[in-house]
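Novice: Each chain is listed here by its residues.
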Amino acid sequence: MLEFLLMIIKTMIVFAIVLAHVAYTTYAERKIIGRAQARMGPMEVGPHGLLQPIADFIKIFFKEDIIPVKSEKFIFQIAPLIVLVFTMVNLTVIPFTANFVLADLNIGLLFILASASIAVYGIILAGWASNSKYSFLGGLRSASQVLSYEIALALSLAGVVLASGSLNLKDIVIAQHNTIFGIYAIPQIIGFVVFIVAAFAETNRAPFDLPEAETELVAGYLTEYSAFRYALFFLAEYVAMYIMASLCALCFLGGWTVPKFITHIFPFLHKVPGLLWFAIKVYAFIFLYIWVRATFPRYRFDQLLNIGWKVLIPAGIINLIIIAFVKKFH
Amino acid sequence: MVPLSYYLILSVIVFFIGAFSFLTRRNLIMMFLSIEIMLNAVNISLVALSHYMQDIRGQILALFVIALAGGAVAVGLIILVLAYRNRKTLKLEDFNLLREE
Amino acid sequence: MVKIIFVYFAILIIASALAAITRKNLVYSLFWILLMFIHLGGLYLLLNAEFLAMVQLIVYAGAILVMFLFVIFLLNLKEEIKEAVFLHKWSSRLYGILFLLFFAFLGVWSFKNNFKGIYSIELIEKEGHTKVLGTVLFNEYLFPFLILGFILLVPLLGVGIVALRRKTNGTT
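Chains as they are written, first to last, in this note's numbering: chain A, 1 to 330; chain B, 1001 to 1101; chain C, 2001 to 2172.
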């Protein structure tokens, strides 16, 4: 019973930390994009606009929750919850340090892929239930995009699984630490690039944010949503970004470990706690997300699908074949 | 410990829900979905038997069933889309070109 | 404890299957079937088949149902759904089903399990379910596995042909 309570408390702490991160990621995003465009970003609320996320939070939760009259009420209401639940549940299998993981599953990687594929339903159903053309198109776009890129994502991760011989995220990090390079990003550079591109598309972020391309579709599947249901979608998107960033850090950048050839040169790096390394890697990936958003124009939809099917999937397969050969003849 | 028969009974019930739906619904997509329900019901009993007989081969059969269901659904849905394009309907009774009037 | 979890899964599977087959709107049936598949995954976890549970979620819930959803959206079946006949001559079908159900139950009750293989729960837990499944699959069942690959290639080609034909129809 005590164990159970402890588990709940741990989960609450992790969720609270992640939600705080999400709040301040929106702030960081606005600041960084502001700087990239030679603006200041939010400055009004608090010093340097530091309280802006809290103000946004209060505003969005006290707005009226509008449900369109001709929508499918039940699915319209439940869709944001599907997305949020199946995104948040991924946090439980991510090992933050060597001995802090909420659920040490043997199939952690598959679990993340599975819940990501179910979270898509929330988006499609949200688009359908809104009973609006823009929402519907956004939902369909999102579905075909996420489905095509999930294959590429899974192929790039299959290389990691093949090289490390495990589906457990913790074992992947440990196996990775024992290789010469210490991170899989160097020997599996093709897989790494495929993963990064697929991760951008998987989370519906720029330059692949076609489901919510505001110049064509108003706001895509979010068009009819308002107040806290909108906030739930928003939250889910940012949590998904963090999941992808953690997955990248764990599978390609060595998680909480530092490559051995670096610690040979700088022995004092052993003293840095693992959690900090993990956080640095995750933040770097999040910064990449924001940087790309500020830099690249949006792709057209047929270009997006062509990249997915004609470039990323063959590249993923080639990566997998190379890894298999290396593993066999090494 | 849950006895094996519970799983088998669950499997039987779900299978017959699917079979009933297959016989009563006249919408082709719904009939397809009923087939999926039946396949899943069989999978329950395969996995349960594999667990209680301590033999992994039942689960491999279930894995094959899942993969084949994927292929079957893809082919079936292609046929369905083409049929809809030609006849503009999905009711089973309307696909009667070969029947003598 | 395990019994309570089993009863929860069993009730939800049956209830959502029933809900799925009685909805008139296909999207709602799909929604309920999705719920059923997720709970089936849970049931597989209860049976120590963790890899299969994830495959169930990824393939069934993540791929097959999305295909259905796409076809439903593509064909835009809104008008047809309302006139779909449900329970047409239902009594005879119900009796037929109940009759068969009786025999099925008879079969289940007379089933005696007196076979014990080598893959005990302890072995699977020690080796890891994925590893055990993979070893057997790629040693004993390699040929069926290759055939499966070819079978899955057929729909891929089929989809390509259908898409190509539509393209030429549109231009000529």
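Keep in mind that the hints are not guaranteed to be accurate.
[What the hints assert, rightly or not] On the chain A side, residues computed to face chain C include the following (Cβ under 8 Å):
#, residue
1, F111
2, Y134
3, A143
4, F228
[Claimed, not checked] Anything over 12 Å on all C-beta distances counts as not near chain C; from chain A, calculated:
#, residue
5, Y24
6, I67
7, I107
8, S144
9, L304
[Claimed, not checked] The list that follows gives simulated cross-link-like pairs (lysine to any residue, SDA-like), each with its CA atoms no further than 20 Å apart:
#, chain 1, residue 1, chain 2, residue 2
10, C, K2126, A, A103
11, A, K260, A, K310
12, A, K310, A, L147
13, A, K327, A, P187
14, A, K70, C, K2116
15, C, K2024, B, R1026
16, A, K133, C, I2014
17, A, K327, C, L2094
18, A, K310, A, T92
19, A, K327, C, N2025
20, A, K328, A, K133
21, A, K10, A, T26
22, C, K2112, B, I1009
23, A, K310, A, K133
24, B, K1088, C, N2025
25, A, K327, C, R2023
26, A, K328, C, F2070
27, C, K2024, C, L2137
28, C, K2116, B, R1026
29, C, K2126, C, L2137
30, C, K2116, B, S1005
31, C, K2112, B, K1088
In case anyone wonders, no lab produced these hints; they're calculated from the structure. Note that beta-carbon positions come from the ideal geometry of N, C-alpha and C, so glycine has one too.
Novice: Indicate, hint by hint, whether the structure satisfies it.
Specialist: The hints, checked one at a time:
Given hint, F111 of chain A at the interface with chain C, holds; its Cβ is 6 Å from that chain's nearest Cβ, closer than 8 Å. Taking 8 Å as the C-beta cut-off, the interface hint given for Y134 of chain A is violated, the closest approach to chain C being about 15 Å. With a cut of 8 Å, the hint placing A143 of chain A at the interface with chain C holds, because the nearest CB-to-CB distance is about 6 Å. Taking 8 Å as the C-beta contact cut-off toward chain C, the hint placing F228 of chain A at the interface is violated, the least distance being around 22 Å.
The non-interface label for Y24 of chain A is consistent with chain C: the shortest C-beta to C-beta separation is roughly 32 Å, beyond 12 Å. Look at I67 of chain A: its CB is around 17 Å from the nearest CB on chain C, clear of 12 Å, so calling it non-interface holds up. At the 12 Å boundary, the C-beta of I107 of chain A falls inside the reach of chain C, the nearest C-beta of that chain being 5 Å off. With a least beta-carbon separation of about 8 Å from chain C, S144 of chain A fails to lie farther than 12 Å from that chain, contradicting its non-interface assignment.
Residue-level check passed: L304 of chain A sits 17 Å from the nearest beta carbon of chain C, beyond 12 Å. Restraint check for K2126 of chain C and A103 of chain A: satisfied, since their Cα atoms lie roughly 18 Å apart, inside the 20 Å limit. At roughly 37 Å between alpha-carbon atoms, K260 of chain A and K310 of chain A are farther apart than 20 Å, so this suggested pair is violated. With a C-alpha separation of about 15 Å, the suggested pairing of K310 of chain A with L147 of chain A holds against the 20 Å cut-off.
For the hint pairing K327 of chain A with P187 of chain A, the CA-to-CA distance comes to about 12 Å; that is within 20 Å, so the pair holds. Simply put, K70 of chain A and K2116 of chain C have alpha-carbon atoms about 58 Å apart, too far for the 20 Å limit, and the pair is violated. Between the alpha carbons of K2024 of chain C and R1026 of chain B the distance comes to roughly 11 Å, so the proposed pair stays at or under 20 Å and holds. Between the alpha carbons of K133 of chain A and I2014 of chain C the distance comes to roughly 35 Å, so the proposed pair goes past 20 Å and is violated.
For the proposed pair K327 of chain A and L2094 of chain C, the alpha carbon gap of about 57 Å is over 20 Å, so the pair is violated. Proximity of K310 of chain A to T92 of chain A is assessed by CA-CA distance (about 34 Å); at most 20 Å being required, the pair is judged violated. Simply put, K327 of chain A and N2025 of chain C have alpha-carbon atoms about 51 Å apart, too far for the 20 Å limit, and the pair is violated. Between K328 of chain A and K133 of chain A the alpha-carbon distance is near 52 Å, which puts this suggested pair outside the 20 Å criterion.
Proposed proximity of K10 of chain A and T26 of chain A is contradicted: the alpha carbons are some 25 Å apart, above 20 Å. For the hint linking K2112 of chain C to I1009 of chain B, the alpha-carbon distance of about 14 Å falls within 20 Å, and the restraint holds. In summary, the hint linking K310 of chain A to K133 of chain A is not supported, as the alpha carbons are separated by about 29 Å, beyond the 20 Å threshold. For a cut-off of 20 Å, the pair hint linking K1088 of chain B to N2025 of chain C stands: about 18 Å separates their Cα positions.
At most 20 Å may separate the alpha-carbon atoms for a hinted pair to count; K327 of chain A and R2023 of chain C exceed this at roughly 51 Å. Between K328 of chain A and F2070 of chain C the alpha-carbon distance is near 41 Å, which puts this suggested pair outside the 20 Å criterion. Between the alpha carbons of K2024 of chain C and L2137 of chain C the distance comes to roughly 41 Å, so the proposed pair goes past 20 Å and is violated. Distance hint between K2116 of chain C and R1026 of chain B is unfulfilled; the C-alpha atoms sit about 44 Å from each other, more than 20 Å.
Taken as a hint, the K2126 of chain C and L2137 of chain C pair is honoured in the structure, with Cα atoms around 18 Å apart against an allowance of 20 Å. In summary, the hint linking K2116 of chain C to S1005 of chain B is supported, as the alpha carbons are separated by about 16 Å, within the 20 Å threshold. Between K2112 of chain C and K1088 of chain B, the direct Cα distance comes to roughly 51 Å. Violation of the 20 Å bound is thereby established for this hinted pair.
Comparing the model with each earlier hint shows violations of hints 2, 4, 7, 8, 11, 14, 16, 17, 18, 19, 20, 21, 23, 25, 26, 27, 28, 31; every other hint is respected.
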